[in-house]
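Work out the full structure, taking the sequences as your base and the hints as a guide.
Just so you know, the sequences run in chain order A and B.
Residues in the first sequence are numbered consecutively from 2, following my numbering.
Residues in the second sequence are numbered consecutively from 68, following my numbering.
Think of the hints as simulated: they come from the structure by calculation, not from any bench.
Be aware that a few hints might be false.
Claimed, not checked - With a cut-off of at most 25 Å between alpha-carbon atoms, the simulated PhoX-like pairs for lysine-lysine come out as follows:
(1) Lys62/A with Lys148/B
(2) Lys224/B with Lys87/A
(3) Lys74/A with Lys127/B
(4) Lys224/B with Lys153/B
(5) Lys62/A with Lys208/B
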Amino acid sequence: MNRTFFVVFVLLLFFLNNLYIYAENPCSNTAIADILNDLEDLYKNHVNISYIIQYVDMLLKACSVGDIESASKLYQDILTELQYVKAISRDIYIRVTIYRIVVGGLILLIPIAIYMFLPKIYLYIWYSTRKKWIIVKKR
Amino acid sequence: MDYSEEKMILDEEVFAVIIAITIIASVLSFTLMVFPYREENFIALGLLNENCKIGYYPQKINLALSKNITLCIYIYNHMGKPVVYKVIYKIAFNQSQLPTNTTPSSNAPLALWVGALNDSHNATFLVNIEVPDSSIALANKRLSLVFELWILNTSSKEWIYSGRWNHLWVEVVG
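Spelled out as structure tokens, the structure:
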């Protein structure tokens with residue numbers, strides 16, 4: 002029993018230690034790749050991620066000069082921002098989809114509108130430009 | 068309004084042509100909106116001079132005066148997704164040490180620059196590079212400044228060589 006408890010304890014320590022390393026290393030490939038993965042998903046859902054990309058750029062530059070303190074702060078900011086954007090990404094996706102359907106529908110309605118209104122508009126212009134004309138009977 | 072009156076003023080054939088053009092334009096616009104045309108995905112790396120322009124690259128480096136050269140790197144992302152990139156600077160002394168489209172140069176990296184780019188965005192930045200070992204450089208008289216572009220693969224979570232590189236041959240004088 003004691004032995005089992007000891008093994009579980011060691012495994013737990015190992016797991017927590019790994020978690021600690023991961024949390025403390027914002028410059029690792031895994032941490033950056035996870036952020037990039039989320040950004041790719043958000044980009045596919047038409048979410049504006051330009052400002053988060055700028056943060057990631059700053060994070061990478063901080064990592065490249067060994068400024069771990071700034072990198073950690075930026076990493077936390079990015080995670081917070083990602084959490085917020087992920088929460089609203091579904092709404093943005095629905096909004097963009099509705100916008101596309103409406104615009105698409107309007108585009109498809111253009112030929113019908115032209116078919117219905119072009120002769121009327123043309124006639125209106127035709128008559129308005131000639132309304133001051135005086136008809137004189139030809140001899 | 069009487070139809071015969073309308074027919075008389077607006078020619079039927081002209082009207083039919085206008086309607087046909089409108090239908091084609093409308094369907095084309097709708098299709099492009101629903102299935103946007105996407106060219107082949109690529110990422111580009113460019114090497115520019117110290118004014119960030121093409122041409123007038125340094126041809127000689129006088130190691131007695133300075134080991135440093137200032138150049139400009141240009142990167143354009145057209146991968147259809149954001150990317151994290153890394154530009155690695157290396158030196159090659161002959162053709163066989165240069166990278167290829169599939170393999171990077173086997174020489175050791177001397178410097179690197181990292182960054183992130185959104186889709187359809189570009190980055191241009193100045194780099195101040197150093198020619199390190201003057202004795203080998205002087206013995207060879209000619210060396211190539213190599214810049215390789217690597218991108219972070221989100222699946223494997225490792226840096227992979229993009230197959231894009233630039234190199235600049237310079238004459239070394241003592």
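Verification of the supplied hints:
1. Lys62/A with Lys148/B: At roughly 20 Å apart (the allowed maximum being 25 Å), Lys148/B and Lys62/A satisfy the hint.
2. Lys224/B with Lys87/A: Holds, at about 21 Å.
3. Lys74/A with Lys127/B: Measuring from Cα to Cα gives roughly 43 Å; hence the hint is violated.
4. Lys224/B with Lys153/B: Roughly 14 Å separates the two Cα atoms, so the pair holds.
5. Lys62/A with Lys208/B: violated (34 Å)
Violated hints, in rising order: 3, 5; the structure is consistent with all others.
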